[in-house]
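A.B. asks: Chains as they are written, first to last, in the working numbering: chain C, -15 to 273; chain X, 1072 to 1555.
Honestly, the hints are just simulated from the structure, not real lab data.
Take the hints with a grain of salt, since some may be wrong.
[As the list claims (entries may be wrong)] Distance ranges between label pairs, derived from CB positions:
| # | chain 1 | residue 1 | chain 2 | residue 2 | range |
| --- | --- | --- | --- | --- | --- |
| 1 | C | Thr108 | X | Glu1117 | 30 to 40 angstroms |
| 2 | C | Glu137 | X | Ser1474 | 39 to 49 angstroms |
| 3 | X | Asp1373 | C | Pro68 | 38 to 48 angstroms |
| 4 | C | Pro68 | X | Leu1209 | 38 to 48 angstroms |
| 5 | C | Glu137 | X | Leu1209 | 43 to 53 angstroms |
| 6 | C | Glu218 | X | Asn1253 | 39 to 49 angstroms |
| 7 | C | Cys228 | X | Val1410 | 30 to 40 angstroms |
| 8 | X | Thr1504 | C | Thr230 | 26 to 36 angstroms |
| 9 | C | Pro68 | X | Thr1167 | 12 to 22 angstroms |
[As the list claims (entries may be wrong)] To list a few chain X residues with every Cβ distance to chain C over 10 angstroms, as calculated:
| # | residue |
| --- | --- |
| 10 | Glu1193 |
| 11 | Thr1316 |
| 12 | Cys1375 |
[What the hints assert, rightly or not] Just so you have them, the derived chain X footprint on chain C, three or more residues with Cβ under 8 angstroms:
| # | region |
| --- | --- |
| 13 | 35 to 47 |
| 14 | 51 to 60 |
Keep in mind it's a predicted model, so treat the numbers as computed, not measured.
All C-beta atoms, glycine included, are put in the ideal place defined by N, C-alpha and C.
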Amino acid sequence: MKTSNIIFLAASLFLVFLSGCYPEDSINVPKTDVEDDLNPTELDQYIEDNFTKEYGVAIRYKFVDRYVSPGQRVTPPRLENVKPMLDFIDKYWVGPYLAVENGNEFFRDHVPAEFILLGGVIYTSRGILLGTADAGARITLLNVNSIDPEDEEWLDQQLGTIYHEFAHIVHQLYKLPTDYEKISPQGYSSSGSWFNVSENEAIARGFVSPYATSSPNEDFAELVAFYVYFTDFEEKYLTPEENCNTAECERMNEGKEKINQKLVAIKEHYLNVTGLDLDELRKELQKLL
Amino acid sequence: MINRIFIFLVISFVLTLSACEEDKSNEDIETVESRQKAAKTELINELIAPADGWRISYVPADLTGVYTVLLKFDANGQVTIQSDVSTDDQDFFNQTIPYRIDILNETKLVFETYAVFHYLFELNQATFGGEFQFVFKLKDTTNNTLVFESASDTGVPSVITFERANPGDDQLLAKDVSTMLNKMAGPTPFGIYDPGSGQFILGGEPIVQHILAPGAVNGEDLSVFFGFYTGSRIVEARFAGVGTTEEEVLEGQTVNLDREFYAYSLQNNSIIFETPVSFSVGGKAFEITSIALTDFAEATVDFCMTEPEDGVKYTGSIPGIGNITMETSLADDKGATFVPQADDFYSVNPLFISTGGNGASGEASFEEKFNDLGGFIFYYGYEVEGEPLYAMGFSLIDSEGNSRLVMRKFEPTTTVGNKITINLLDEYYFDKTPDEGDDEKIKEITDELFDGGNDLYAIDIPIDDLTVYRLFNPCNFNEIILVK
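Could you put together the complete structure from these sequences and hints?
C.D. replies: Below is the structure:
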């Protein structure tokens, strides 16, 4: 017997014995009528084909308590609302990105890995929570059980959440536009007090919403979202009042000018770092509204 | 060379075998995963075992009634849920949704998508006490039941017992009565919502039903007034008396039932009280253990004469009492004690006045007109020389502590039971020199309070050591809370 043959034989025996050390999974597992990995339903298959395989996004519609913070009380969606909600996401969020130049690449490269759908809203001491996002990896959409794209309030809530949370990914990866925080440095509210700021006061400070005053990052995300989905954006946030003759009116006009400066900076930033033209994105979404 | 290789291989072989030998000694110790899987399988097998599924008499919290739910689990992770909870689209009568067993620190049954449990969970801004995640505690072999606890209760968790269902148990689900009660309607106060805090600072009212039992009190009619919280299946016993109409009852001697709460369940065609409602009227003792509802008819709820609403009138019977009718009422025996008082006036913090028809406090809108707002003052037969008998408005207090009154006069036209009808006058009262436009401002505020109708229903708010009334306008749902 040649040396190489002996080594080969011995090595083979070694592997056979080694592999014999691992117990077969089935040996000690009790038999059951139910398997953990159940056959996917038609809905699960639809999600697999149209979101998971297509974009690498997992859609979670079955309730798991770790999807919300301890103490937050919220329900899962109605089963019959899940597919319409996915259609909504596809039409109003995926569609506009895919329709604009560089949007397809941007969307596929940056889309969060998980979408959580929840049926109700979360009540907090500061009001009602309508959506959240976690470090660009997960977007949680609430109030799915009230789905009605014809309802302007619901539509605004959902579009506001989706576009806001997706905008966070841009500053997380590519930072804020240069000197963005210096446009309205005095306008940011102190920690945890943004909800005491009125809508008009926010505009006067150079922000599109009270929540935007909470930090430069939220300011950025709110402004992107509002610009893209809010139909009357220019009229409400950019166009100055004519014949202004009160101090309050002048403050509002100054605030609008600051919003305009921020918007210009954001649009330029998007073009530079992502290749996306926010004007085009807005145009595509507005066609649907 | 061959010898060395051979020796090396033999040693390796022996070492390998010995390693296997050591593992073999641990074969009987199951892995965490396999033990979890076994526990999961065991519970699933228990859940799917009964041919007719499980029956639950579900009590979500201490202050709720009983909901009957039938569950039939299958091996594919689906559960069919039948219940006696009626909603407008009736989808909680029969639903099939996915379920899951989670095992981490505890074994938990999770109803994965929205169903009747989630509906109950969501009531009252998700504070009602319902649950859709149940922690498995034990299998009671004596009673053949499975015992679960509510997963998210912060205090003592609710216990939920799964009992084996019997064939035909679905016939026990009182769907007809549940549907009938779901149609109960009528103008009811919201309570007062403070937009500043985002909280209700005063709760609303149940839909009060006037239960009329003809001839039940020695030949005279018995009237009983119950407040129904149909969502939580609780009745608040209000008062009882002799008489056919509300006016007749309130004019006579009434028996106040202290607003005691009584939980109920629905079975067959009846509302079944967990404990009987007992009282005496006209010298005769009554005990209401259940109310059977046999039918209902559309009726007009006309508390707001200018804009009557659609409602229902039920017919049925009460064991030991006889046939009854039941319809919506705003009568309140203690509210009927809201009467003119000559030696003092009624008042309240403006926070406790709602405008806009949605319960929201009108304080902020009042402050837009009067930035030195003090209290809301209501003269109701106030006999002080130089001041009007009947007027409502504000005391205003400036930064130096000087106060003044801005009020609008009214005249009470009729008072029936706890209903007060008033006529606002275009006359104003100021105890000091008013600011320009004060009359216009108080006119706008009071016009809004009485927009659509000028009837107010006085309803008692039980608060220790205080006499507090809710003046409710059924035309616009505005409320004025007044302290005597």
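A.B. asks: Hint by hint, work out which the structure violates, then give me just those numbers in ascending order.
C.D. replies: When the structure is compared with the hints, numbers 7 and 10 turn out to be violated.
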